[in-house]
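Q: As a plain string of letters, each chain reads:
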Amino acid sequence: MITWTDEQRALRAAAVDLGAAAGKDHLDRDAAAEFATEGWALIRESGLLGLPFPAEHGGLDADLLTTMYVLEGLGESCRDGGFAFSVSTHMVSTGIPLRRFGSAELKQRYLPGVCSGGAIGAHAISEPDAGSDMMAMRTTAEPDGDHWVLTGSKSFVSNGPIADTFVVYARTGKPGSPSAISTFLVDRDSPGLRVGTPIAKMGLRTSPLGELFLDGVRVPKANVIGSVGAGFLILDHVMKWEILLSFVINLGEMEHRLRRCLEYARTRKQFGQAIGSFQAVSTKLVDMRVGVETSRKWLYDTAEKLTARRNVTTDIAITKLVVSEANLASALAAVQVFGGYGYMTEYGIEKDVRNAVAGPIYSGTSEIQRQRVAAMMGL
Amino acid sequence: MDADRITEITRYVVAEFAPDVRPDELDPDFDLLDSGVVDSLGLLRLIAWLGERHDLPVDELDLDPAEFRSVRAIDAFVESALLKGATP
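Taken in order, these protein sequences are the chains called V and R.
If you read the first sequence in this note's numbering, its first letter stands for residue 1, the second for the next number, and so on.
If you read the second sequence in this note's numbering, its first letter stands for residue 1, the second for the next number, and so on.
These are computed hints drawn from the structure, not numbers from a lab.
Beta carbons are placed, not taken as given, at the ideal position from N, Cα and C, and that holds for glycine.
Mixed in with the good hints, there may be bad ones.
Quick look at which bits of chain V chain R covers, simulated, 3 or more residues with Cβ under 8 Å [to be verified]:
#, segment
1, 301-311
2, 370-378
Keeping only pairs whose Cα atoms sit at most 30 Å apart, straight-line, the calculated DSBU-like set for lysine-lysine is [unchecked claim]:
#, chain 1, residue 1, chain 2, residue 2
3, V, Lys107, R, Lys84
4, V, Lys221, V, Lys174
5, V, Lys221, R, Lys84
Take these sequences, add in the hints, and give me the full structure.
A: This is how it looks when you write it as structure tokens:
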């Protein structure tokens, strides 16, 4: 069990306060599919976007575990799940690959914007015909003097419509080869880059998502993150952080949801007694608790193992499977516990289901995570 | 270059990714990645195996797929990582 210091607790408390404020009017924004611009201004002011980044670039120099602990607090208090998702997407999409693989010059130029939130980040990976099979991507980068020329299109770019900086993964080698993908940092105002309009979706509606079109976009060679051909391994590193940071927010959301359901089950009476006294209801709450505890264990154990510099390829896949599916099960159970009220939009319970459905899809589907575990077992 | 390590890496690659090939048939300079012998998931398995076998902090090393392109390249990667004292 991890013992948190006063400093870590203070950071988390700040995130809890921030999340409550940023989540204000979440139902209206969900209905309108609007990003919380006021919430973004608040989180920029707080400095929390710089949690895992070096102080010399404006960050807070927090380690992985601290960053997760603080973001769990954000998830616990922020009822705007789309906003929290955009926050983690911003941190991991541009900041994490830069922090680990970026040149000194790229860090100097771009990390301050990541830490302050002045330059919203997004990464562009999936394509119309290359989702789970990222090695089949068709977006290409061709060398031309001091530049690379990027051509192609990307789908499902979270934060795309509001992003200032994109990390674009494109093919530079033989199709299918693990050394065929490279990683490029691309400014939104680059000639030839066009951001599509926000795409309507089932959940996480307050986190804008769109397409990205690259028509001969010239990117300086200095904007390559890591070495040419290292894109697959860079993305593998980014996905570890994305899964830990994004899904620890889900853990916070599950904790909040469980508390809300417990309170309701203790006070809502039917047949003359609290509904929580019926085993059919209490077992749902127990399953929600098991989901919370199992998720916590996998998230923090995997983070500790990663911090200890051990290989977590299998662990991260299991973590993602466990937490995303527990979150979805928890959200569905909450609707059932609240019955008709849970189904009504005004209670904000049904929104959690729509949000949670995305979990087993993004950052590698549940099917892909199982395939990864199978591959690691030599199958 | 470490001949014993090259033999060991060759045996692993053949056993895991090319079971129809005899170890002595695999050229140590054969391109494992572009040939499709080692795909993306295979690369992750290979890296995990190297990390366990040689106690390397693979998640902390600045990995480049080119370092895993052939048996000889993998051997050079391991040697370099061990020489660095397994620090990034």
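Q: A separate judgement is required for each hint: does it hold in the structure or not?
A: So, going through the hints one by one against the coordinates:
no.	hint	result
1	301-311	holds (count 4)
2	370-378	holds (count 5)
3	V:Lys107 / R:Lys84	holds, 24 Å
4	V:Lys221 / V:Lys174	holds, 20 Å
5	V:Lys221 / R:Lys84	holds, 28 Å
When held up to the earlier numbered hints, the structure conflicts with none and fits them all.
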